[in-house]
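There are 4 protein chains.
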Amino acid sequence: MQFELSDRCKEYQEKLVSFMDEHIYPAEGIYAAQMAESGDANFHPPILEELKNEARKRGLWNLFHPHESEEWGSPGLSNLDYAPLAEIMGRSPYLAPEATNCNAPDTGNMEVLQLFGTEEHQEKWLKPLLAGEIASAFAMTEPAVASSDATNVQLRMDADGDEYVLNGRKWFASNALHANCKVLIVMGKTNVDAEKHRQQSMMVVPLDTPGVTIVRGLPVFGYMDREGHAEILFENVRVPKSALLAGEGDGFMISQARLGPGRIHHCMRSIGMAERALDLMISRAQDRVTFGEPVANRSNIQDWIAEARIDIEMIRLLTLKTAWLMDTVGNQKARTEIAAIKVAAPEVALEVIDRAIQVHGGGGVTDDFPLASFYAHQRTLRLADGPDEVHKRTIARVELKRMRETVRSGV
Amino acid sequence: MQFELSDRCKEYQEKLVSFMDEHIYPAEGIYAAQMAESGDANFHPPILEELKNEARKRGLWNLFHPHESEEWGSPGLSNLDYAPLAEIMGRSPYLAPEATNCNAPDTGNMEVLQLFGTEEHQEKWLKPLLAGEIASAFAMTEPAVASSDATNVQLRMDADGDEYVLNGRKWFASNALHANCKVLIVMGKTNVDAEKHRQQSMMVVPLDTPGVTIVRGLPVFGYMDREGHAEILFENVRVPKSALLAGEGDGFMISQARLGPGRIHHCMRSIGMAERALDLMISRAQDRVTFGEPVANRSNIQDWIAEARIDIEMIRLLTLKTAWLMDTVGNQKARTEIAAIKVAAPEVALEVIDRAIQVHGGGGVTDDFPLASFYAHQRTLRLADGPDEVHKRTIARVELKRMRETVRSGV
Amino acid sequence: MQFELSDRCKEYQEKLVSFMDEHIYPAEGIYAAQMAESGDANFHPPILEELKNEARKRGLWNLFHPHESEEWGSPGLSNLDYAPLAEIMGRSPYLAPEATNCNAPDTGNMEVLQLFGTEEHQEKWLKPLLAGEIASAFAMTEPAVASSDATNVQLRMDADGDEYVLNGRKWFASNALHANCKVLIVMGKTNVDAEKHRQQSMMVVPLDTPGVTIVRGLPVFGYMDREGHAEILFENVRVPKSALLAGEGDGFMISQARLGPGRIHHCMRSIGMAERALDLMISRAQDRVTFGEPVANRSNIQDWIAEARIDIEMIRLLTLKTAWLMDTVGNQKARTEIAAIKVAAPEVALEVIDRAIQVHGGGGVTDDFPLASFYAHQRTLRLADGPDEVHKRTIARVELKRMRETVRSGV
Amino acid sequence: MQFELSDRCKEYQEKLVSFMDEHIYPAEGIYAAQMAESGDANFHPPILEELKNEARKRGLWNLFHPHESEEWGSPGLSNLDYAPLAEIMGRSPYLAPEATNCNAPDTGNMEVLQLFGTEEHQEKWLKPLLAGEIASAFAMTEPAVASSDATNVQLRMDADGDEYVLNGRKWFASNALHANCKVLIVMGKTNVDAEKHRQQSMMVVPLDTPGVTIVRGLPVFGYMDREGHAEILFENVRVPKSALLAGEGDGFMISQARLGPGRIHHCMRSIGMAERALDLMISRAQDRVTFGEPVANRSNIQDWIAEARIDIEMIRLLTLKTAWLMDTVGNQKARTEIAAIKVAAPEVALEVIDRAIQVHGGGGVTDDFPLASFYAHQRTLRLADGPDEVHKRTIARVELKRMRETVRSGV
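Which chain is which? The protein sequence lines are A, B, C and D, in order. Numbering of the first sequence is given in the working numbering, commencing with residue 1 and proceeding in unit increments. Numbering of the second sequence is given in the working numbering, commencing with residue 1 and proceeding in unit increments. Numbering of the third sequence is given in the working numbering, commencing with residue 1 and proceeding in unit increments. Numbering of the fourth sequence is given in the working numbering, commencing with residue 1 and proceeding in unit increments.
Next up, chain A with everything else stripped away, as it sits in the complex:
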């Protein structure tokens, strides 16, 4: 056991921190101004393309992509080497991940296309995604049922000759309103009579397919995000049989495969947001004076700072260990840890951000600081990919099984 990051990881860390300091943080104000000026919540501001060019030039492109490829600039980092980089990106979550082509849900979609896509899928969608030329969305959650139980999915994918006909309604399809979005990966049911976890399939559906309607973008605590969280109606949407990823009935399996790395990335970005919130909390506490002394001198605020540091250190280590487990024993054997960080990382981040807001006073809930927006998005993360309660249930069942199988004299 040793806790030193690899040399390769440290080298990328250093390059990424420089990129953040020299380009990302300075771009935040420009980004806000370009968005405001556009008057369009889904505007694609030019600064983003500049940042993408700069990142590509610096070799900070597709860092998430586990498959080394000179063509696509993918260094082929392990989960463990990528995790600390995702954390750094999380400090500026609206710019850094997209600038480096490491943005969810494109990352998960690229992974799915790489693993389960046909040659045609890869040519048509994976390549431009890896090139950062298009964006994609993932349509899984539905408004009418509790999607935390994946078997509840109701969108129908009925075979009809050479085609499937899709009917149903999705929401929280993030990225679907992105100016560059061209394609959806859709989960639905091909066979309602099959075994519970074999009823679902996943398909590649171009966004411009007739019958696909973006009904609206959903706000998240008042925020209309640039990339959008779309409600999408599928009415007699016809796709060829070749739209299928892997085989019929493999939808649940693909969704499981997709989730592992996605959660690691989310959690590391959460940690990055928590770190930035902590920095902001300390700065503000050092700047503001009340009742004759800087707020930073007060022991209640010092307790908050210390508790933030303790909690961040703990969740970072657990996330890194989870990454290591995925690299070494695979996602399935790491399922307790993956569930654990999915619960704990947003919880830690929310507490730190909430306290940072409190130290900022009224300014903390505005957009003069990124805190309110961090809060809104971290809060949403407690629901995305399944609510905390479902992940805790997963963990508890593993523990209950463990005790049933153990005869320990110490109990």
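Derived by calculation from the structure, the hints in this document are not laboratory data. From a predicted model like this one, the values you see are computed outputs, not experimental measurements.
A few chain D residues that don't get close to chain B, going by computed Cβ distances all over 10 Å: (1) Glu4; (2) Arg8; (3) Gln13; (4) Ser38; (5) Glu68; (6) Glu70; (7) Gly73; (8) Gln122; (9) Ala131; (10) Asn167; (11) Arg216; (12) Met224; (13) Gln332; (14) Arg335; (15) Glu347; (16) Lys401.
Covered stretches of chain C, as calculated for chain D (at least 3 residues, CB under 8 Å): (17) 147 to 155; (18) 212 to 222; (19) 373 to 382.
Quick list of in silico lysine-lysine cross-link-like pairs, DSS-like style, CA-CA up to 25 Å: (20) Lys52/D <-> Lys124/D; (21) Lys127/B <-> Lys241/B; (22) Lys10/D <-> Lys52/D; (23) Lys52/B <-> Lys124/B; (24) Lys10/A <-> Lys333/D; (25) Lys333/C <-> Lys10/B; (26) Lys57/A <-> Lys10/A; (27) Lys15/D <-> Lys52/D; (28) Lys333/C <-> Lys401/C; (29) Lys333/B <-> Lys10/C; (30) Lys241/B <-> Lys124/B; (31) Lys333/A <-> Lys10/D.
Quick reminder that beta carbons are idealized off the backbone N, C-alpha and C, glycines included.
Starting from the known structure of chain A, arrange chains B, C and D on it as the hints suggest.
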């Protein structure tokens, strides 16, 4: 000691509940549609004026106003009799308070004009406010300093002949972007050399006075509220000496007088929001099925429901007792209780709302339900009128003094 | 609604506070010394009888007893008038309740004997209990089953001619090791085939009945309490049919009737312990100096003080309201509130006591201060009379029913 | 970075788990019986010597001792290799550490004697300690001052010719009542005029030195521990100048050196207790049935199980990382992490243990399960070696310094 509401209060409760059921709740969708259609965040939608007319007709007008007046429809309710009504209004906070002319900060401003305004102030501003014809804002908090320490206020009010000249910057002036807003009550410093709590004065400033510029509206967790939270610049704003409320140096005193009832109202509305969030949580839990049974059958969700009920009952009683104390011994002697509810009511409401969001899944963070918006506004309340930490400090100092003065053999 | 205590209550409060200041607190050290000297955990120290005499002389006797009686010195106070007195007693829980003959479980047992006992029971047991001459225990909980579900009770009470034969094992029969304990009230099953809530009966069993064996006293966090928490074995214990309280099958009904007032008393004493812990916390914080200033100057400790004050005020009001409901609408209609305070009062007390311990440093966990012992007993209260989770379940079920029966447009 | 334990560590783990399963757990009942039979709280039960012999035979002796020595059976493990072993010992904290001669405070005292003792100290005290023949205590905390601020120490060590004369009072000198205790390491002041952190010295004082009086053993939540937490009076205690450890004025430095490993050990044992509490919680939940189903089926209890697993994993990783830091960069550079685990480990353990108690019902607070005693001791750990608040202060100061020294564009 007895816990039965007065007959008068119960009579108003009944009338108000009918008004909510018959007019307010049904209007929520209409309101949302009119706002959306207008494309203007500060639009004044016609439904509001309809609701105001209906409320006035039903004798549900100026319920907050402690001074009985047939002319203005003010029943002259005590704080204790008004509190349960404010709670009911809080269930639909964007409609009910304004529909009944019980909306903050107009309520506090009316109270200040009643108690400290000149006859001219009352004629020109109080009357149209009581009539619901105009709106007003309160400009106290400043961006450059921690306003939780009121002595930090920096806006200058320099005497110059018959006039004062105001220079400075305020923010979080709520209501200043309301379509009907005509007047500001402004806190500033008339004498920086006076004793610490006598440097401040309060003045009545028409919104259209030259030199008053609304710089921008502030978002609250992404929400651009209809009434607005304005940042306002004061550049050589000249007002006559008669703009003064009470006397020079009375600003701090007025601000203290203003706060008591305002906090009771806020806290009762918080409780109303918590009650509605609890209702929503239960409904959703009864409707949604996961892993084979309704979410409401799960004991973790049942624990949340029970904890919500317990906490709401407790904070409601403390708020009512505080109202009773204000009615019987006055705001000053009730200062521990006023500080206590200011801390506890948003805390209880936030916990209940947060859990209601969790039970709603993704929908909980959108505007399909009022929960995310309730959360954002209750979170802001932990900062408005001073952050929790300042109120806790107030309470602790009373306790420390109590022990210093006590010789108890039981310690 | 008004929050002033009745004159009668205030008069008793004043008398009781004087008694505490003049006799109880000064006796605490004497009590500890007499117990230590005796070397017997169940010793009955002479100071207790002195305090009982003094209390009787001052008219502070049987205050809990709702039935006015000159003979027994019972003033016949309502629950609402008694509650604030129980709080004061709770400040010195090992002396004040017993000194005033208001000690659990004797209080509940006296109530049961008054309401459901035969004339013989009352002559033989109730009178000496009211006179403070004997003590009694209540044998309900069993080690082998989860007694939180009362239908789990397994002790058999089999009819055999004119007698019942009792076989089974009880534990946590508090008071059974008290030097004066003479009688048990025992819950068991007379008919395992009856409807679930009609299988149980309650009987009066003299402690010296053959077949009754006190197996051991149970420690509570290391404390071997003077009155004892006994494990009792019943082996072919024969009692006459007249031992029955009320009728066969009434056991569950009696246990419900018994619980209401008992919980109010427990909760008010919890509040008294919390108040004393707060006083101790403040005193210690004012006395101790670290890093150059008194601990009481630190804002984290001030936050704890304020939070204690807020929480205590809230739970006290809810407990008083519950007492008022029991007085006015009866225990059954107050069941949500009774369940609520049973959960919330120990929770509040534990938090305050825990923080008081923290401020005391190492001394806090010793018996130089009453804090560790308060903690141990309040923690136990979260399990006695049913764990928190059962009470929350009760509350949630009422709420779920409420929503099923409501058609509200506001949801 | 990799999370696999070393082969050496895993080998010892395996041996230690076998020893626990075959000897320690089965001995727990025997131990309790021997203690009960003796009627002496400080009895040294024969089973302990049997366990020590067995451990020595199995090569499980002095595992804590970082200095490899065949003579003393010390394998010379690193902190990182020892930590997982200390965790396992923590599952049976009253037997396993002492059985393996890894018991605090002997471990810390041995380390101090090794690093700072004279040859005479080592011959006379270190050797028999390493052999497990005698026990020792550490006298630092004083009843009259807040010892969390080490500069508050008041015991006087006045030079007088060839001797020092010690006068003062200590408490919480753990192990001083151990049947085998022979020697104290005492902290006091040799020079009150020196610089604040150079006033203190540490000395070796045989327990039988004239003037040393053990006043009493202190209870911890009602528990009178076998080894004792002694209050000790020093009245004109004369020791030779050779009693000094390191030099005059080095007391503070030695205390700092002593604390690092001690805290790691404490924290790992806390984790072991938490793991055992979790096992007990699950077992009990699987065994008990309420309202028709096993408690383990309830989602609130499943949440507790999951939260325990998450929290334990996180604090274990942070503790292991801290051990690794101490091994690689030293205690001083690991001071944030050492402070962090000192706060977080007991906090996690207390939460898990408290919930395990709750699942056990009344039995949980008795000694039929080790939970109440674990709770009492973990609660005490939040005060021992400085209260949480002092450690948080340490962490916050490092963070505040970090931000003052950083110019980051990301803030």
